[in-house]
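Visitor: With these hints in hand, go ahead and build the complete structure from the sequences.
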Amino acid sequence: SQTIHQWPATLVQPVGSPLSLECTVEGTSNPNLYWYRQAAGRGLQLLFYSVGIGQISSEVPQNLSASRPQDRQFILSSKKLLLSDSGFYLCAWSGAGRSYEQYFGPGTRLTVT
Amino acid sequence: QKEVEQNSGPLSVPEGAIASLNCTYSDRGSQSFFWYRQYSGKSPELIMFIYSNGDKEDGRFTAQLNKASQYVSLLIRDSQPSDSATYLCAVSRGWSSASKIIFGSGTRLSIRP
Numbered sequence: 001s002q003t004i005h006q007w008p009a010t011l012v013q014p015v016g017s018p019l020s021l022e023c024t025v026e027g028t029s030n031p032n033l034y035w036y037r038q039a040a041g042r043g044l045q046l047l048f049y050s051v052g053i054g055q056i057s058s059e060v061p062q063n064l065s066a067s068r069p070q071d072r073q074f075i076l077s078s079k080k081l082l083l084s085d086s087g088f089y090l091c092a093w094s095g096a097g098r099s100y101e102q103y104f105g106p107g108t109r110l111t112v113t
Numbered sequence: 001q002k003e004v005e006q007n008s009g010p011l012s013v014p015e016g017a018i019a020s021l022n023c024t025y026s027d028r029g030s031q032s033f034f035w036y037r038q039y040s041g042k043s044p045e046l047i048m049f050i051y052s053n054g055d056k057e058d059g060r061f062t063a064q065l066n067k068a069s070q071y072v073s074l075l076i077r078d079s080q081p082s083d084s085a086t087y088l089c090a091v092s093r094g095w096s097s098a099s100k101i102i103f104g105s106g107t108r109l110s111i112r113p
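Residue numbers (my numbering), protein chains in the order written: chain A, 1 to 113; chain B, 1 to 113.
Keep in mind that the hints were calculated from the coordinates and are not lab data. Hints are not guaranteed to be accurate.
Said to hold, decoys possible - If you want a taste of the chain A side facing chain B, the calculated C-beta under 8 Å gives, among others: (1) TRP7; (2) ALA40; (3) ARG42; (4) GLY43; (5) LEU44; (6) LEU46; (7) LEU90; (8) TYR100; (9) GLU101; (10) GLN102; (11) TYR103; (12) PHE104; (13) GLY105; (14) PRO106.
Said to hold, decoys possible - Subject to a maximum C-alpha distance of 25 Å in a straight line, what follows is the list of computed SDA-like cross-link-like pairs (lysine to any residue): (15) B:LYS42 - A:VAL112; (16) B:LYS100 - A:GLY27; (17) B:LYS100 - A:GLN2.
Unchecked claim - Listed next, with one range per pair, are the computed distances between beta-carbon atoms: (18) B:SER26 - A:ARG109: 27 to 33 Å; (19) B:ARG112 - A:ILE53: 46 to 52 Å; (20) A:ILE53 - B:SER8: 36 to 42 Å; (21) B:ALA68 - A:SER67: 39 to 45 Å; (22) B:SER20 - A:ILE53: 16 to 22 Å; (23) A:GLY16 - B:PRO113: 45 to 51 Å; (24) A:ILE53 - B:LYS42: 39 to 45 Å; (25) A:SER67 - B:SER52: 34 to 40 Å; (26) A:ASN30 - B:LYS56: 26 to 32 Å.
We put the CB at the ideal spot given by N, CA and C, even for glycine.
Guide: As C-alpha cells, then:
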C-alpha cells in the first residue's frame with residue numbers, strides 16, 4: 001500500500017530564515033505530487049504541483065519554491081520566511097493518469113516568529 | 001462567487017441521527033467530486049469520491065451528486081461522536097494529468113451525545 005511521509009512535523013522559524021520541507025511517497029511510481037498550505041481556520045491553498053521529476057507548476061507567486069529531485073520526493077523551500085508563511089503545509093499524491101483522488105501526508109505545522 | 005461553497009457551520013447533530021452536509025460548485029465542467037474529513041490539527045482524509053450523477057454508498061456514508069444543479073452532498077447515517085470533524089468538499093475538472101482539486105473551506109460537524 002502507499003504511504004506518504006512529511007518532515008518535520010512541527011517547525012518554528014524566525015522571519016528571514018530559510019525553509020526546507022520534505023515529502024516522500026512509498027509504494028507507487030510516477031505519482032503526481034502537490035504542496036498545499038492551510039492557514040488557521042482557512043481552506044486549502046494549492047501552492048505547487050508536479051507530474052514528474054523536475055516538472056514543477058506554481059499556482060501562487062510568492063517567496064516559496066518547490067523541487068522534485070527524485071520520482072517520489074517533493075521539497076518545498078524558501079530563502080527568507082515571512083510571517084505570512086505560517087500555516088499547516090500538506091503534501092499530497094495522486095496516481096498518474098486517470099486517478100483523480102488525492103491523498104495527504106500528515107503535514108508540517110510551521111510557525112514563523 | 002467562490003468556486004466551491006460550503007456552510008461553515010458548526011452543524012450540530014444528535015448521536016444516532018443523520019448528518020447532511022452540502023456543497024455547491026460553480027464550474028459546470030467539473031467531473032470529479034470528493035469529501036474529505038479533517039480532525040482538528042490533523043491532515044485531511046479522503047472518505048468518499050463520486051464521478052457520476054446519483055448516490056454512492058460506503059458504509060454509513062452516502063455521497064450524492066447532481067450535476068444539473070451543481071451540488072454534491074454527504075450523508076452520514078447513525079452519527080457517532082467520532083464523526084465530529086470538519087468536512088471538506090473538493091471538486092476537480094479532471095482534464096489534465098495533474099487533476100487539480102479545488103477545496104471548499106469546510107463545514108464543522110459536531111455530534112452531541
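Visitor: Look at each hint and say if it fits the structure.
Guide: Do the hints match the structure? See the list:
1. TRP7: violated, 13 Å
2. ALA40: Hint violated; A:ALA40 Cβ to chain B Cβ min 11 Å, cut 8 Å.
3. ARG42: holds, 7 Å
4. GLY43: OK, holds: A:GLY43 within 8 Å of chain B, min 4 Å.
5. LEU44: Since chain B brings a Cβ to about 4 Å from A:LEU44, closer than 8 Å, the hint holds.
6. LEU46: holds, 6 Å
7. LEU90: Holds: closest Cβ of chain B sits about 6 Å from A:LEU90, inside 8 Å.
8. TYR100: holds, 4 Å
9. GLU101: holds, 5 Å
10. GLN102: holds, 6 Å
11. TYR103: holds, 6 Å
12. PHE104: OK, holds: A:PHE104 within 8 Å of chain B, min 4 Å.
13. GLY105: holds, 6 Å
14. PRO106: Holds: closest Cβ of chain B sits about 5 Å from A:PRO106, inside 8 Å.
15. B:LYS42 - A:VAL112: holds, 19 Å
16. B:LYS100 - A:GLY27: holds, 22 Å
17. B:LYS100 - A:GLN2: Status holds; Cα separation ~20 Å.
18. B:SER26 - A:ARG109: 27 to 33 Å: Since B:SER26 and A:ARG109 have Cβ atoms about 31 Å apart, the given range 27 to 33 Å holds.
19. B:ARG112 - A:ILE53: 46 to 52 Å: holds, 49 Å
20. A:ILE53 - B:SER8: 36 to 42 Å: holds, 39 Å
21. B:ALA68 - A:SER67: 39 to 45 Å: holds, 43 Å
22. B:SER20 - A:ILE53: 16 to 22 Å: violated, 44 Å
23. A:GLY16 - B:PRO113: 45 to 51 Å: holds, 48 Å
24. A:ILE53 - B:LYS42: 39 to 45 Å: Taking Cβ atoms as reference, A:ILE53 and B:LYS42 lie about 30 Å apart, which means the hint is violated.
25. A:SER67 - B:SER52: 34 to 40 Å: With Cβ atoms ~38 Å apart, the hint holds.
26. A:ASN30 - B:LYS56: 26 to 32 Å: About 28 Å separates the Cβ atoms of A:ASN30 and B:LYS56, which means 26 to 32 Å holds.
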